[in-house]
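Undergrad: Please build the complete structure, drawing on both the sequences and the hints.
Protein chains: 2
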Amino acid sequence: MLKTFEQLKNRQLQGKRHRIVAVCANDDATRGALQLAEELADVSYVNAATPEEAAARAVEMIRNGEGDILMKGLIGTDQLLRAVLNKETGLLPQGRIMTHLAMAQIPNYHKMLFFTDAAVIPYPTHEQRIQQVRYATDVCHALGIDEPRIALIHCAEHGGKQFPFVDGYAEIRSMAEKGEFGRCIVDGPMDVKCACSRKALEAKGMQSPINGEADVLIFPDIEAGNTFYKTLTLCTPTQTAGLLFGPQCPVIVPSRGDTVEGKFNSILFALASL
Amino acid sequence: MLKTFEQLKNRQLQGKRHRIVAVCANDDATRGALQLAEELADVSYVNAATPEEAAARAVEMIRNGEGDILMKGLIGTDQLLRAVLNKETGLLPQGRIMTHLAMAQIPNYHKMLFFTDAAVIPYPTHEQRIQQVRYATDVCHALGIDEPRIALIHCAEHGGKQFPFVDGYAEIRSMAEKGEFGRCIVDGPMDVKCACSRKALEAKGMQSPINGEADVLIFPDIEAGNTFYKTLTLCTPTQTAGLLFGPQCPVIVPSRGDTVEGKFNSILFALASL
Numbered sequence: 001m002l003k004t005f006e007q008l009k010n011r012q013l014q015g016k017r018h019r020i021v022a023v024c025a026n027d028d029a030t031r032g033a034l035q036l037a038e039e040l041a042d043v044s045y046v047n048a049a050t051p052e053e054a055a056a057r058a059v060e061m062i063r064n065g066e067g068d069i070l071m072k073g074l075i076g077t078d079q080l081l082r083a084v085l086n087k088e089t090g091l092l093p094q095g096r097i098m099t100h101l102a103m104a105q106i107p108n109y110h111k112m113l114f115f116t117d118a119a120v121i122p123y124p125t126h127e128q129r130i131q132q133v134r135y136a137t138d139v140c141h142a143l144g145i146d147e148p149r150i151a152l153i154h155c156a157e158h159g160g161k162q163f164p165f166v167d168g169y170a171e172i173r174s175m176a177e178k179g180e181f182g183r184c185i186v187d188g189p190m191d192v193k194c195a196c197s198r199k200a201l202e203a204k205g206m207q208s209p210i211n212g213e214a215d216v217l218i219f220p221d222i223e224a225g226n227t228f229y230k231t232l233t234l235c236t237p238t239q240t241a242g243l244l245f246g247p248q249c250p251v252i253v254p255s256r257g258d259t260v261e262g263k264f265n266s267i268l269f270a271l272a273s274l
Numbered sequence: 001m002l003k004t005f006e007q008l009k010n011r012q013l014q015g016k017r018h019r020i021v022a023v024c025a026n027d028d029a030t031r032g033a034l035q036l037a038e039e040l041a042d043v044s045y046v047n048a049a050t051p052e053e054a055a056a057r058a059v060e061m062i063r064n065g066e067g068d069i070l071m072k073g074l075i076g077t078d079q080l081l082r083a084v085l086n087k088e089t090g091l092l093p094q095g096r097i098m099t100h101l102a103m104a105q106i107p108n109y110h111k112m113l114f115f116t117d118a119a120v121i122p123y124p125t126h127e128q129r130i131q132q133v134r135y136a137t138d139v140c141h142a143l144g145i146d147e148p149r150i151a152l153i154h155c156a157e158h159g160g161k162q163f164p165f166v167d168g169y170a171e172i173r174s175m176a177e178k179g180e181f182g183r184c185i186v187d188g189p190m191d192v193k194c195a196c197s198r199k200a201l202e203a204k205g206m207q208s209p210i211n212g213e214a215d216v217l218i219f220p221d222i223e224a225g226n227t228f229y230k231t232l233t234l235c236t237p238t239q240t241a242g243l244l245f246g247p248q249c250p251v252i253v254p255s256r257g258d259t260v261e262g263k264f265n266s267i268l269f270a271l272a273s274l
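Protein chains in written order, with our numbering: chain U, 1 to 274; chain P, 1 to 274.
Mixed in with the good hints, there may be bad ones.
Unchecked claim - The list that follows gives simulated cross-link-like pairs (lysine-lysine, DSS-like), each with its CA atoms no further than 27 Å apart:
1. P:Lys87 <-> U:Lys161
2. U:Lys87 <-> P:Lys161
3. P:Lys161 <-> U:Lys161
Source of the hints: derived by calculation from the structure; they are not laboratory data.
TA: The structure is reproduced here in structure tokens:
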């Protein structure tokens with residue numbers, strides 16, 4: 001069972017070396033994380049006269065097959081994403097959505113917990129949510145979680161006319177049952193606690209195949225996803241990693257203020273997802 | 001500085017005795033909490049042939065001035081609220097909104113943290129949000145927090161066209177500056193971490209009069225508020241209490257599965273808010 005970033009690193013030491021393209025890696029934390037990563041991966045450092053040029057050059061390298069992962073250093077996320085999302089020269093195939101997927105090593109939880117979306121899509125449409133489930137399932141499979149348990153989060157165990165998106169949850173469950181995401185267990189609506197605690201589930205008299213052991217939380221909106229992320233890292237010594245999925249390659253866009261360790265965790269996550 | 005429920009109890013021991021009207025208090029946890037409360041308050045136990053009749057009778061007692069606090073036992077929240085919200089015989093004055101306000105004793109935070117709304121209003125309108133700020137400020141004042149620091153939560157420090165409610169935050173800040181809520185400091189948009197950590201605020205290069213020491217978090221929607229509540233109690237030994245404000249008297253509607261301690265905390269909160 002995947003419990004720690006250390007495990008992820010050890011697995012990666014035995015895996016294939018991949019290539020990271022680092023854009024404007026001119027701050028200490030990004031440099032430090034990339035130095036740690038050199039044990040596992042090859043790193044290209046891309047700089048240019050302006051951040052825009054650096055971003056364009058890095059994206060071009062990925063398109064040319066010269067790199068497998070894109071990582072942001074001292075450049076605005078918007079600046080990097082403009083190059084990634086450029087319709088002609090960018091990295092997002094038509095019809096794909098780009099969404100943020102994070103993973104957390106939470107002291108009180110018995111395994112790694114993945115969650116989406118804390119950073120990019122404000123209010124996912126039904127189609128976007130389906131894609132989020134698909135990306136999360138694929139990543140879990142890549143990380144050796146054969147049958148991820150995926151909870152569709154909502155503040156209650158039922159919908160209501162103010163929560164039209166909850167109707168879509170039934171369709172996602174049914175798609176999962178038909179095997180459209182590969183092997184996985186999908187259930188919801190349920191709240192964060194019922195997703196991650198059998199005791200909480202029982203206290204509500206609820207039954208769920210997730211059984212309080214979720215691997216993935218799909219949040220209804222970015223306010224909830226972001227609140228989860230920030231509350232965990234505010235109140236517990238949780239370690240996290242986050243990536244953008246959807247583009248041709250995983251894109252690492254660390255937050256201002258992420259530590260060397262946090263940025264290195266995201267590199268580990270990106271390497272393992274390939 | 002208010003840090004613990006224990007402090008709240010000690011204050012209450014020296015305060016005025018109030019009267020609790022308990023509806024269908026037939027479960028062990030509610031009974032247990034009310035027994036603890038008898039040191040501080042007088043309790044009327046209301047039962048009847050049906051939960052609906054008990055709710056109606058309890059609401060009538062409040063209207064007749066025979067009680068100061070309403071508390072739910074083994075009766076559906078919906079059943080109790082139908083009686084509370086009844087336009088002719090209920091307890092919600094016209095033009096008032098009813099909203100959930102909770103308080104949390106979080107091990108890693110240096111004082112009590114209040115937050116709203118984790119349970120009742122799905123997507124607060126601008127008017128509802130103003131009322132939430134007002135109730136929270138009033139409650140903080142009642143609990144001896146002279147100048148509460150109130151953070152208007154959002155996933156980022158700026159708005160955007162997908163987040164129209166963030167525009168309203170500026171007006172709420174300006175109302176606060178004009179003294180419309182009494183003494184308080186209001187700022188936002190900001191995320192949970194910037195609201196509660198000076199370090200996080202600095203890492204983002206942000207400045208705020210709240211200075212990472214929020215007393216109150218006003219959440220943009222129920223998904224975020226509920227996620228905050230559930231994440232805290234899932235991942236940390238946080239103690240919480242919750243009340244409905246807006247009706248003539250505070251209404252305690254504990255969750256299924258709340259412990260004796262949790263229900264007693266809510267009683268303490270209700271008593272202190274009067």
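Undergrad: Against each hint, give a clear statement of whether it holds in the structure.
TA: Hints versus structure:
no., hint, in the structure
1, P:Lys87 <-> U:Lys161, "holds, 22 Å"
2, U:Lys87 <-> P:Lys161, "holds, 22 Å"
3, P:Lys161 <-> U:Lys161, "holds, 23 Å"
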